[in-house]
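Asks: Listed here are the chains, written in short residue letters.
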Amino acid sequence: MPVPHHPLRLAVALDAPQAPPPSDAAPYLALARLAERGTLDFVTLGDRFGGPGPDALSVLARVAPTTERLGLVATVTTTHTEPFHVSTGVATLDWVSRGRAGWTVAASTSEAEAALVGRRPAAPAAEVWSEADEVADVVGRLWDSWEDDAEIRDRATGRFVDRDRLHYVDFTAHTFTVRGPSIVPRPPQGRPVTVVEVADAPDAGHAERARWAVAAARADVVLVRAEDPGTAGAARAALHDRARAHGRDPGALRVLASLPVELESPADAVGLADLLGDWFAQGAADGFHLRPADPARDLPRIVEGTVPTLRERGLFRHSYEGTTLRDHLGLPRPASIYAPAREAVR
Amino acid sequence: MSPTAGPRKQIHLAAHFPGVNNTTVWAAPPAGPTTAPGRDAARPPSFGSQIDFASFEHLARTAERGLFDFFFLAEGLRLREHKGRIHDLDVLGRPESLTVLAALAAVTERLGLAGTVSATFNEPYELARRLASLDHLSGGRAAWNVVTTSDAFTGENFRRGGFLDRADRYTRAAEFLATAREFWDSRADAGEPLPVDHRGAHFTVRGEFGVPRGPQGHPVIIQAGDSSEGREFAASAADVIFTRHSGLEAGRAFYADVKRRLPAYGRRPADLKIMPGVTYVLGDTPAEAQEHAAEIRRQQVSPQTALLTLEQVWGVDLSSYDPDGPLPDIDPDPHGELAQGRVRIADPRAVADRWRALSRAKGLSIRETVIETTGRQSFIGTPQDVARELEAFVQGDAADGFILVPHLTPGGLDPFVERVVPLLQERGAYRTEYTGTTLRSHLGLPDPARPVRKD
Chain A
1 MPVPHHPLRL AVALDAPQAP PPSDAAPYLA LARLAERGTL DFVTLGDRFG GPGPDALSVL
61 ARVAPTTERL GLVATVTTTH TEPFHVSTGV ATLDWVSRGR AGWTVAASTS EAEAALVGRR
121 PAAPAAEVWS EADEVADVVG RLWDSWEDDA EIRDRATGRF VDRDRLHYVD FTAHTFTVRG
181 PSIVPRPPQG RPVTVVEVAD APDAGHAERA RWAVAAARAD VVLVRAEDPG TAGAARAALH
241 DRARAHGRDP GALRVLASLP VELESPADAV GLADLLGDWF AQGAADGFHL RPADPARDLP
301 RIVEGTVPTL RERGLFRHSY EGTTLRDHLG LPRPASIYAP AREAVR
Chain B
347 MSPTAGPRKQ IHLAAHFPGV NNTTVWAAPP AGPTTAPGRD AARPPSFGSQ IDFASFEHLA
407 RTAERGLFDF FFLAEGLRLR EHKGRIHDLD VLGRPESLTV LAALAAVTER LGLAGTVSAT
467 FNEPYELARR LASLDHLSGG RAAWNVVTTS DAFTGENFRR GGFLDRADRY TRAAEFLATA
527 REFWDSRADA GEPLPVDHRG AHFTVRGEFG VPRGPQGHPV IIQAGDSSEG REFAASAADV
587 IFTRHSGLEA GRAFYADVKR RLPAYGRRPA DLKIMPGVTY VLGDTPAEAQ EHAAEIRRQQ
647 VSPQTALLTL EQVWGVDLSS YDPDGPLPDI DPDPHGELAQ GRVRIADPRA VADRWRALSR
707 AKGLSIRETV IETTGRQSFI GTPQDVAREL EAFVQGDAAD GFILVPHLTP GGLDPFVERV
767 VPLLQERGAY RTEYTGTTLR SHLGLPDPAR PVRKD
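The listed protein sequences correspond, in order, to chains A and B.
The numbers in my numbering rise by one with no breaks, and the one at position 198 of the first sequence is 198.
The numbers in my numbering rise by one with no breaks, and the one at position 373 of the second sequence is 719.
Just so you know, these hints were derived from the structure itself, not from any lab.
Quick reminder that beta carbons are idealized off the backbone N, C-alpha and C, glycines included.
Hints are supplied without guarantee of correctness; some may be wrong.
[To be verified] Facing chain B, a subset of chain A residues (Cβ under 7 Å, in silico):
#, residue
1, Pro52
2, Glu82
3, Thr92
[Unchecked claim] Reference listing, derived: stretches of chain A covered by chain B, where coverage requires no fewer than 3 residues with Cβ under 8 Å from a Cβ of chain B:
#, region
4, 23 to 37
5, 58 to 69
6, 117 to 123
7, 159 to 172
8, 179 to 188
Isolated chain A, as found in the complex (with noise of 0.2 Å):
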């Protein structure tokens, strides 16, 4: 396979598995500055939503101000929160961040989570994640919604904004409709990134599949659990195909493979390097999401260890060229699916 020539994508989780996640800023920051120092693309953090721990969209907008570079992808539960919270909350983390927000896609099958919200009973994981593809639908439209200049404060007309350049979305799902438009104007990105996180093949039963079409309808960035570099260079061929089929560019997506890692000496983050290395030449995919067993050991020996070794072996930056995470990530910033409609009344 033609070794890819451009750079490799590099992304860590910030959730430990094993210990009951921090309420407290502090151990965040850390982690986060580390992640910084390290040129990540971006870090992700889990919302265990029924689960213990605080909100992660939250977490990320106490990250934002303190970092300046860092990707921020907050996990959020399309399943118990309203759409349109949805859309807000991660357009005000790309605002407050300056464009660096992202949010994987969840959706929850669990009798405890719709217990705790009390609204309605669980669902299959066909439902939920049919419900997340509209949710994510409308969030996009959302952000959309405000054309990026909106805002023309015209003081010859009194005009803060040019109504013409605000969109109702007008949206029905199956079980929600929005009007719109937002009311957070288009964030920093245009779209802050979509994050879908899949297991290695599409057809591992009813949950998967579903996952699968969100990621091929949806996602910048489709994070794939794999065990071997073939299982992932076929999922990264297969996603290419499925978003091809919905009228995408396939350019336009990232496959990273998310591989747990556990880096009980410094040597074996030359290891780590080495197979992503070895890995990467395979075609296995653009890039890596790293889950630490434990970020407060492991990421020190990544930032360390690994990412001198890759930068060494010319296969990841020195620095960060661009402020946003779509420049780290090599994504163009989209245009507003509202605008061309206008120029054409035009």
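Guided by the hints, dock chain B onto chain A, whose structure is given.
Replies: Relative to chain A, chain B alone:
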């Protein structure tokens, strides 16, 4: 009552981020009363952004420099409309409150962070969790301004819709807050969470709460509004009431009425702080302050805004009228529904009659009439005048403090902090340093009792 008898009551101050409302000036002349940082002289003169984080950071840092109790954000859930189209004359577009406040926790150390969040379009578990998260992430500085939303217009953006009548809105809000408190209290000690099992008229929820009890126990609860239901709700459950400002005597009556309601709920008068929202204009002389105030009113009420305000009262299209001409002779349509997302006017004919009488008596144009009738009471004068008046309100039991609403984003608070705060401190009516770290400590509120565990 003499203000010098006994220890001086201390004034509480909070800052409202101007953002979206019809009083935020977004296009001031170059020689305006405050200069926004980084303004480019070549561009049309305007003040800072209502959405860039730099604006929120500037105002919050200014408030903290002034040792304020808290920073206050309003909420928007639907853009306002007029004549079926999006209202385009005022500042619009704002971020989501709790996310901005979490970010502001990074750039401030002591300032309380208060967000308005509707109890109608959220669920107790998710909001209790977000507020508890904010309380932890800010080291005990979170506050929730509980509001309710009744209109189907706003409901069009939400699953739950907007179909509660006025009375149900408050019963839902009260049950919402009680349920949130059950979640917070379920983690009252360091042990395992107690499962919550709440069955009520509006909510049936059960399960364990995932966030440990925050540094304040419960975030500070603010209630905005002056209605009888609102006062009762505040007396039963709120720590701060955000009220309209309406003069010393009316303020004293409101203050006495609300404080009188507290003992029925086993609460002391000091447990609920009454903080009217107020505007202010400063000048080196009283005449200069009045001139500034008049200029600000002209900026707040453009010719287009004057006509639109008139249409909201009349309920009919008045776009053919000259804003510099006389008021229309026609009567309002009491069923006219031109405006959406605003407070309704109860008796438009009475308002129209009053405005026409005023216009005739003083020879005022449409725009001048609107300027004169829609102005809110404001503290206008030299810094000494304003400090003296604010203190008179507090020492005279018309308020415990104020939520200041600047008319400029984001620099509108700077002159107040630089010129008025030192005078309040000289008078011994305002703190010279923060003595605690949590918002409850700034407000002098006790931590909520930890419920006794029944095992």
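Asks: State for each hint whether it applies.
Replies: Hints, verified against the model:
1. Pro52: At about 4 Å, which falls below the 7 Å cut-off, the nearest Cβ of chain B leaves the hint on A:Pro52 intact, so it holds.
2. Glu82: Constraint on A:Glu82 satisfied, holds at 5 Å.
3. Thr92: Interface hint status for A:Thr92: holds (4 Å vs cutoff 7 Å).
4. 23 to 37: It holds: at least three residues are needed, and the region 23 to 37 of chain A offers 3 whose Cβ sits within less than 8 Å of chain B.
5. 58 to 69: Since 8 is at least three, the answer is holds.
6. 117 to 123: holds (count 3)
7. 159 to 172: holds (count 6)
8. 179 to 188: Answer holds; 6 residues pass the 8 Å Cβ test.
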